[in-house]
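If you want the building blocks of each chain, they are given just below.
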Amino acid sequence: MLFERSSDDRVIAGVCGGIAARLAVDATLVRLVFAILALAGGAGILVYLALWIYARGRRALPAAALFAVASAAILFALGLSGTALLGATLLVAGLVTVLAAGGSLRPGGSLPRLGVALLIAGAVIFLGRRGASGGFLAPGAVAGALLLVVGPWVWQLTVERTERIRLEERAEVAARIHDSVLQTLALIQRHAGDSARVATIARRQERELRGWLYGSGVADVESVVTALGEAAADVEELHGVPIELASAGDVPLDDRTRQLVLAAREAMTNAAKFSGAAEIAVYAEVGAEAVSVFVRDRGSGFDRATVSPDRRGIAESIEGRLERAGGTATIVSAPDSGTEVELRLPRSGP
Amino acid sequence: MKRRVVLVDDHELFRAGVRGEIAASVDIVGEAGTVAEAVPLIRELDPEVVLLDVHLPDGGGEGVIAGVTQERPAVKFLALSVSDAAEDVIGVIRAGARGYVTKTISGAELEDAIERVAQGDAVFSPRLAGFVLDAFRAGEPLGGDSELDSLTPREREVLQLIARGYRYKEIAARLHLSIKTVEAHVSSVLRKLQLSSRHELSRWAQQRRLV
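Order-wise, the sequence lines are chains H and B.
So the first sequence is numbered by my numbering: it starts at 704 and just counts up by one.
So the second sequence is numbered by my numbering: it starts at -17 and just counts up by one.
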């Protein structure tokens, strides 16, 4: 069905209202087009009748016959000629193609290119033969009718497209704020008495928001630096020690670099749990040959010899993990000067 | 003698917080919330250091620097920001700020940074050091002025340690240098950052920008 007659927006039978609703344009415009076409030997009236018949019972044959008469009337008004016939055929074919292909002028709708091309070709041929025999009113009227119809469509399309993009962006921001900031504010209210927890929550939120606002914008691609940021945020939240992350360069996360991040996370956890430092600094550097991560605290430090061998954290989760991935872990620590864990993973495999 | 400091930030709450933390050790002689307020105020008060927010309602911190330096070249600017956008950071440094620290900095560290900037040294946060190392990546082809367009191995080493969270004193001890030498290296990097015509720098900062 090309269109449904409008039951509420009607002057005669709702044909114009229905077409207007289908094309998402103002019904007055459609009526104007029909009125102008009516000047061309009554063609507008015939077309209206044809559409009415078609819409009532889908009886295509009488409708087509009426169309043919209407076309003839238009052509007669234009001064019957081969060019006019061609132009008119193209215009009709274009309109039918657009409507039949489900083309819609609503935002987000598609316009079949073929239909548009046919319409334009038809219009050009009509305009091109201006000055030919016949009343000058009719070709001008047809061209004017076309402009009246097509102009607003194009204008509407561009305006609504911009508007739609703006609305989508707005909705995305609103969703983001809701999921993050509003939830965090609710959490903070609930834990208002626990200042350490509030600080951690606020910091995590800050980190997330910052990552979103100033991040790469390609949030779906996991990289070493984003993964380290997530690990840092987790450790921060679990143990309440702020972690400063700096970086130079970045690489996508793969199986090997994921091991590096996990080892770094373990180092951060150790620093947060045992060093007693007020903050932890993490620096990731992606060089031509290797990816390095440094985890440093200014805490109490420790002597490796005094760590009981059954504590598997350092040996397994840091050193062992890096070795399996083909890298090295170096731990420099001394009582009172803090600890620095250096994790180095060559870019090429082991 | 306390350092005379002007505080430029559009968040009254943040200014109050900073005042509370550092008022004991520096002399906060004035405060402003916009570029339009800040420029005449700084010209009139002629402070030693201006703590400058990167983002102000009527323009960036760069606008304040541009409006003041001609008349008061001795005023030092320390950029203070919540933004980690490389473009912002590099922008304000290239406009003439002597340093950049994030707003989460502790009071004691901020006092230390103000003192350092007042003495004419540069202050880099770990994150800024990371940015600079990334922008002046080793092995990339150099632009016109090679001295300004690349870091020396020593400067690279110093920046790496800053990025790793080391303080100047710790860097000096580790590299067997004097603190003065470390400061000189950082100032030299700052100068390169400000004067280098290396176009990769701005291109790089652009690429790091969001969306």
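Read the hints as simulated data drawn from the structure, not as lab findings.
The reader is advised that the hints may include incorrect statements.
30 Å max Cα-Cα, derived DSS-like pairs, lysine-lysine [claimed, not checked]:
| no. | chain 1 | residue 1 | chain 2 | residue 2 |
| --- | --- | --- | --- | --- |
| 1 | H | K976 | B | K85 |
| 2 | H | K976 | B | K151 |
| 3 | B | K85 | B | K151 |
Could you work out which of the previously given hints the structure breaks and list their numbers from low to high? none
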